[in-house]
Structure formats: structure tokens, C-alpha cells
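Chain residues, written in single-letter form:
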Amino acid sequence: MTPELQSYRKQLKCNFKQLEDVFEDCIKDAVRKLSDQGVDDYLDGASKVCMIGRGFEPVLGYLEEMPDIAKKLGEEMLKIVSKAVWDMSRTPNGNSIPPFIQCLPEASRRLGTKLQMQHFITLIFEMMERTTGSIHGHHATFPSPGLPDLLRQIPYLLSQVSIEGLSNWVDYGVRNYTSHPDRQRDFFSLQSADSKAMLQRERHGTLFVDNERKLELYMRSIWQDSDYFVPYSIGFDELRKPIPYYDDLGLRIPDVFDDKNGVSGINRYRMTLAHMVGHRRWSTKQIADNLSPFQRIGVECMEDSRVEYLILKEYPGLRRYFLALHPKPIEGSCDNKNESCIRHRLAMLSRAILDPAHSYQSPVILEFVEKFHDIMAQGESSTAEVSKLGVSFITRTRRQSDQSPRIRFDNTEVDYRDDNRHLWIFIEENDEAEDIANKPEKPEMVEPEGLPPRHYHEWDYNTKSYKPDWVTLYESLHPPGNSSDIDAILEKHSALANYLKRILDLLKPQDYVRVRYQEDGSDLDLDVAIRSLIDFKSGSQPDPRINMSHKHDGRDFSVLLLLDMSASLNDIPDGCSQSILELSREAVSLLGWSIEQLGDSFAIAGFHSDTRHNVRYHHIKGFSEQWDDNVKGRLAAIEPGFSTRMGGAIRHASHYLESQQSDKKLLLILTDGEPSDIDVGDDRLLIEDTHKAVEELTSKNIHTHCISLDKKADDYIQDIFGLSGYTVIDNVESLPEKLPLLFTALTS
Amino acid sequence: MTDIDIEQYKITKEPFYQAQSNEVELYAAAYEARLPVMVKGPTGCGKSRFIEYMAWKLGKPLITVACNEDMTASDLVGRYLLDANGTRWLDGPLTTATRIGAICYLDEIVEARQDTTVVIHPLTDHRRTLPLDKKGELIDAHPDFQIVISYNPGYQSMMKDLKQSTKQRFTGLDFEYPDSKVEAEIVVKESGVSAELATKLVKIAHTARHLKGHGLAEGISTRLLVYAATLINKGIGEKDACRMALVRPITDDKDIRDTLYHAIDGVFS
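Top line first, the protein sequences correspond to chains Z and F. Mind the numbering: the first sequence is residues 1 to 748 in my numbering, read in order. Mind the numbering: the second sequence is residues 1001 to 1269 in my numbering, read in order.
It is possible that some hints are incorrect.
Across the chosen pairs, the derived CB separations fall in these ranges [said to hold, decoys possible]:
hint	chain 1	residue 1	chain 2	residue 2	range
1	Z	D247	F	E1196	26 to 32 Å
2	F	V1118	Z	C576	55 to 61 Å
3	Z	L533	F	R1243	19 to 25 Å
4	F	V1118	Z	P479	51 to 57 Å
5	F	D1125	Z	D520	30 to 36 Å
Because the hints were derived from the structure by calculation, they are not lab data. Think of the CB as a built atom: it goes at the ideal place given N, C-alpha and C, for glycine as much as any other residue.
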């Protein structure tokens, strides 16, 4: 060791034995890359890392990685990082220091600037502080369960999302899983489903989910083809990336495309689909058994070129996209002796066919390009014809080295092409004989009770974002009860019913109404006209509004009544002799009867919830059902239970209303309390979510009105339904009378 | 009723019309017998042009009424107006046509309300009369009078359909967009662009017509193709002209617009 190095060694206060082996290399590297000041900081930083007492590993990591990072992002990074490590060591999170240092090189490479890197470190520290456990609010004592996992995932995460996206994703995980260490670990190690779903949402690039309709329109208009799209995720397989393909179940395409070579993500989707459509239109299946694997890829390559040729014949403007996306292998860049160049050769051939301006000199390539164009000049040609060309190309260009396991992949992947599995028929399935016939038969599917579950998003006001597929809702037909109970109720309220009937008769639509006093109209209104004429003749100003016209005045309503069936319905309010349930049932019976009289289209449903995994939606009356004994029976049988998670039920109800054709749509909600559920600690959360659901409905032109029986509803109900979207009924006993009147007032 | 200037309703210059099949003979025969005719087909496929052409060919005046949903029976038959001396009767277009023996063409008849269309009933059967009940007059139709309606079954909704009793008073001619070759010829003749360009335009129109019912109420019509070709003739770039004439008018749906823009990019290299 030179004296200079020894002085450096002295500056580094650290006594690990292993250090002596590596110090020389590290410091040489540092001296080469850093300024004098930088080297000082570097050694000070390393000393600090050494002092934290976490063994040699962090020190080594620091010594090895920092010179590069400092060179790229500025030497200030040395201090920033050593301070960060020091700070981290002052918390219970010492176990996270090694992964923290390990993720730095990749993070700095991805983020690229000092500022971004500082954001990143701040982000990590925020996450750490929020997830580190403490007892009785004093000192933080438990290490953050998710932090090591998060740090280990950083390289992958940053390859998928920007720093903002990462921040959103981390924030989501911290908020939802602070009090659940195992779930938190699952989230940050990307094991749980919602972790993946949230990450997907933050992805950069063109997402399939945002463009599904566009792609369907594309297929239909330009190719007159349509099929199911089945997106697959490219996010989670690093080694074997799936590639597009199609089969009987649909077209498999990636869930996201980044822009590439100036071609936007959506156009990459379109090119991928165009290529598949080309195969669907023009390719015929070939028997695979007669060809060797190499011959097969030759055939596939020629067939790919053929369908693209035919596509371009139809839409010549697409060539620029194909050219931009197709790799451009450099002639002679593949070493024939040591590598298998088969993919390289085929990519060159395919490029040369596609690109008239290619610059390849190889006589074989030129010859086959010419042969290809000769064949195609005759017309559509066929898969069989170009197969021969493909096979003969493989034969002509065969090399011993083709068998080599070192296949050259660089610049040969045409990522808009599918894997051509559709092109082959394998006559011999496999070598094992006929024991396939003895496959045990699959047990018959058990018919699920009710409809399959539906998932709905839930709004989180903390982040102003939806939690994906958060609520699981099961819809079922409400079990029937005794319909005569409802008839008895109607009987009991017959005086009220008579009174209602008089009001309803007034409300019944008068189809054709005269509109008088119009300047322009369809007919002369003789009374007014004569009056005007008299005015005119007597020299005074005549009224020019002498026409009249007609207009239609009809009712065109769809109403869905959504009943809160939570457990609190069993309460008997102060001063009443009946439970809320009984009163509601009476009210709903009268309302149902009234709406039936008016002839509006009308449905009834009830809901309650037992955590987000089980929101029950009970069908009581559908829009097309009559107000008959079945419906009355179901209504008579409603039984309260569980809690009130309103948002999901509203969203589900709205999808029925949406499909109604009426001019005006109304969702009436009858409830006795605020939205709540046993798995939600924050009262605001479900209130805000319900408010969001109501907003969604408004944007779909569905009017929402809530009838609340909760005397304390004023505290929250306006936040949910807006200024005029609710009615609070204090005197619950008057509900049977009020409800139908309220409805008629709302709809007239 | 001699104070009506018949000449203004006559068509003096031959309109360009490319027959798609034998519709000219069919129409001529119907006119011979003065049978009412209904022409059906999507918008911009040449229905109005065909009627104009037939009026010219037969040498008869043509009165066209564009129907809309605010139109009432009095807009067709006429009404009393006020003037200094009291009220005065003014004939509506249908009445005028009945008096002078014109071909009365009610364009997009379904747009009019059903009660309005009923006034044409007595004119379309053996009676061939038009009662003006407000005026207390019964007009016998002129021997040359014929009634023609057009309607577009494309955007037929529950609300917009003809009554059976109306439908069953007419003979019908079906119009469709012409096949690619004929359509390209029409575009060439109407606008004077090259046949190659016309073929490309027609190809774009076909992509849009496949989207009918998937977000588009109607595909790109022949009329719009002619507009696009005219713009290109004026020196506008092909893609710009197509976007302006073919895509923007027919849709506000961003997804569809993007898809059609892509089709335009694909067709023009």
C-alpha cells in the first residue's frame, strides 16, 4: 500500500478485518472518480456507516457503490446517503440498512437526478416513520414490517412506475395496512392482489383498460373482425416475457404498452392486432410433425412477412409503424462461429422484405427477398407456398453453429408479432400412449346460489382515488314470505290509500296540452287573434302572441327504491309502538301501490353488509315485474341484519337504472342511519364514498333522493346527498303517509 | 290559382345521378300510375338527388319539404295569417303542389310528428284529395301531382317510425350506399379527383360504416366523400381534408375519432 493510500486508510475509522482485503480496490476507484473533497466525504461517510454497528455488509456496500452514484448524481450524494444510513440506524429499522444500500445503485440509475434521489430517500423515510410501531405513543420500538420488503422490490418498482407513482403506491399500502404487519409485508413484497392492482394503476405507458373500446372499434372498423381481448400482465415475469397470441378464447395482448421508437402505445396495440388479424384472415394451419424446429421458425418468419405484406397492400400507411417497430439487425454483427445466428438471419430477411430501403448485401437474403416478392406479386399466395420458401431459406443458410445453445437474440425480437401457435397442427400429440383416455372427469360445476359476485370500487377520500374492486356484492332474490301481510297493511291504511288515490288521479298524465300565447305556433288562437285584431283596428298596440301550439305532457319515470336493511331496523323508536322495520314495510307497501297506480316503472331492492367482502343486495321487485303476490311476499319477508355499506349498493342499483330507457330516473334510498360497516374505523370514509357514488349517479343523469329516519342525520346527510337531495322524517310513525306523498312531490 | 309561379319549381339543369340498378325505370312506372313512392336509405346516399333527377327527367316541378319535429299539419297545408284587412289564407307547400301538379317530396318524413303525417293520407289513396278543413275547401289533386317521401330506417327509434297506415300507402324503393366501384366513380364525377384517390376515400368510408351501431349512428356518406374530395381538389392535404370532411362531422366520440384517424393514416401512405 502506498503512503497515500495508507493516509486514506487512516482517515477511514473502521476496524473490520474484511476491510483490509477490499480497501485498496475501493479507494482506487474512488480516487479515480471523485474530487479530493469527494474522497474526504466518501471516507467520512464510510466511517459513519461503520460506526452504526451493523457489521461489515453495509460498509462494503457503501464503499463499492457510492463512487459511481456520486459521480453520476453529484458528490453531495455521499453526505446525503451516509446521513440517511445514520438516521436509519437511530430507529429500530437497522435490519433495513443493507437492503437500503443495495437498492441505491439501481434507484440512482432509474431516477437520474439528485433531486429525484432526494425525493426517493424522503419517501422511504416517510414510509419508515409511518410504519414503525410504537407503544403508548412514546418511542418507536418495533421495526417497520414492510420496509425491508419494499427496499428489496425497489429496482423492480422503479422499472415499472415513476417516483410519483411509487409514492402513491407506497402511500396506499401504508394507509391500509399500518395496523396489520402480515398484510403490510404481503403488500410491499408485491404478493397481495390489491398491491399488484394498485401498481398497475400507476404504471406508465398506454394501459389496455383505458383503451379497450378504442381497440374494439379498431378491429371492427378497419378489419371487420371482433373477438375477446384477454390481456396478460407483462409486469411480473422478468425472465420469460409472455408474447401475444390468439386461440379460441380470444386475442391475448399485453396489459400495457410503452411508447417505442416514436410509435405510441395505442398504435403498438393496433399493430399487434393488425398482425394477428392478418393471420386470422390469410393463414392456414400447417402440419408441424414433418418439419424440424428450425424449419418451423423459418416458415413462421415467412408467413409473418406474408401477412404483413398483405396488410400493407390494404393499408399502405401502416408501413411506417411496422418499420419503426421491426428490429434492424446489423449485417455481420453475429459471430457465426460461436453463436447460433438463425434468429439473426431470419430477422434480417424479414427486415429486408418489409423495408425497401434496407442496405443488406448478403446475396442469399437478396435472392430470397426477390423470390418472396415474385410470389406475392401473383396475388395472395398461400401459407403452404411461402412455407416452402421458408424451409429452403433455412436449408440454404444452415450452419453447424445453429445448434449452439448460445443463440443471438439481440435485435431479433419483433414484439408486435404473435407466437404463431395457431399455425401448427401436431398430429402426434405426445409420445406417451393412450392413457389420456382415462383422465378423471371433472366434477360437475355446482350451480352457485344467486348471481355471481360483482366487485365495485370504493372511494378513498384520503387519497382522492378509488380502491380497486374493493367491495364484493352478492345479489340474490329475497326469500318469499306471506303476501297477505302486505294486503293486510294496505287494508289497514285504506283511508290513507283513498286520500292518496285522489292526489294520484291529479298527477296522471294529460297527454296533449295546449300552449297558448305564442308568437309562432301551429294554429291561430282565434280568441286572442280577434282580440288583437280589434286592438289593431282601434289603433292600439296589438298583442302579437296570437298563435297556439300543442305539447305532450307525459310521465316517463323509472324509480328504484333501495331499502337499508341493517340491524338497527329492529329498533323501536321513542314514542312508537312499532319497529322501524314494520313502519318501513308499511310505507313501502303504500308507495309500491301508489307507483303502480301511476304506472311508472318501478323496482325495489334491499341491502346490508357484513364487511367489504360481503355486501348483500336483495332483489324484491324488478322493473318488469308486476306488483303481485310474489313481490308482496318478498316484501313481507324482509329481515334486518348486519351493517350499512351504502356505496356499493348504490352503484349496483344504478346499473339497473342506467339500463332503463326513461327520461327521468330516480333512486330513492330509505335508511335509518349513516353508512357504516364493522371493518371501517373511520366514519368519514363510507360517508365520502357514498357521496362519491351519488356524484357518479348524477353524472349518469340519475337523481338520488334519500329519506332518512335518523333524527341526527343533519350532521352528515348534506355531505352525502347535497342540499336538496334528502328528507329527514323525524316522526317515524308518519312514514307510511309521508313516503308516497314525498314521491309524488318529487315526480310532479 | 294562377298566381303561382310554376317555373320556380322546375329543375332546369340535369342533375348528376348514377343509377345503381333499375330504380329509374321503377320510379318512372310508379309516376306513370301516380303511385306514391317512399325512398328509404341511409343519409347521404343519394335519395334527394335521385328525386331531383327524376323530376328533371319527367319535366315536372318539384316541391321539397324538409320535415322536422316542430312541423305541424298547418305547416304542410297552410294557415290563416293576419293582415290589415283581417285574416288571409296562405297555402302550405303540400297544398301548392296539389294545385299545380308538382311532385311533392317530404324529406325525412319520420322527423315530423305522427299526427302531422296523417294529413297526407287522403292524397295517397284513390281519393287524391286534400281537405282544408279550416278553410272549408276540398282540393282535387292536379293529375300530375305525386307524393314522395323519404325516410331513413337507420336511426329508427321507438319514437320515430311511420304508422303502419302511412307505410301501407306507398310503394318503396330501397337505397344503399353504392358498391365500392360505383361509389368511387360517383366521387370522381362529382369532384373530379383521380380514381385512385376516390378508391382510397371509399375505403375510409367503409371502415366507418362498419362502426354503425357501435357508437356511430351512421357511417360516412357518399356526400361527405364528395366534400372531402372537393377539399383535396382545393389543395388541402389528403389527411387534413379527410379529418375535416369525413371524421369530425360524424362523431364527437374521441375513441371513434382516433380510430378513424388511424384508418386515414393507414390508407394514405
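Would you pick out the hints that fail for this structure and give their numbers low to high? Numbers 1, 3, in rising order.
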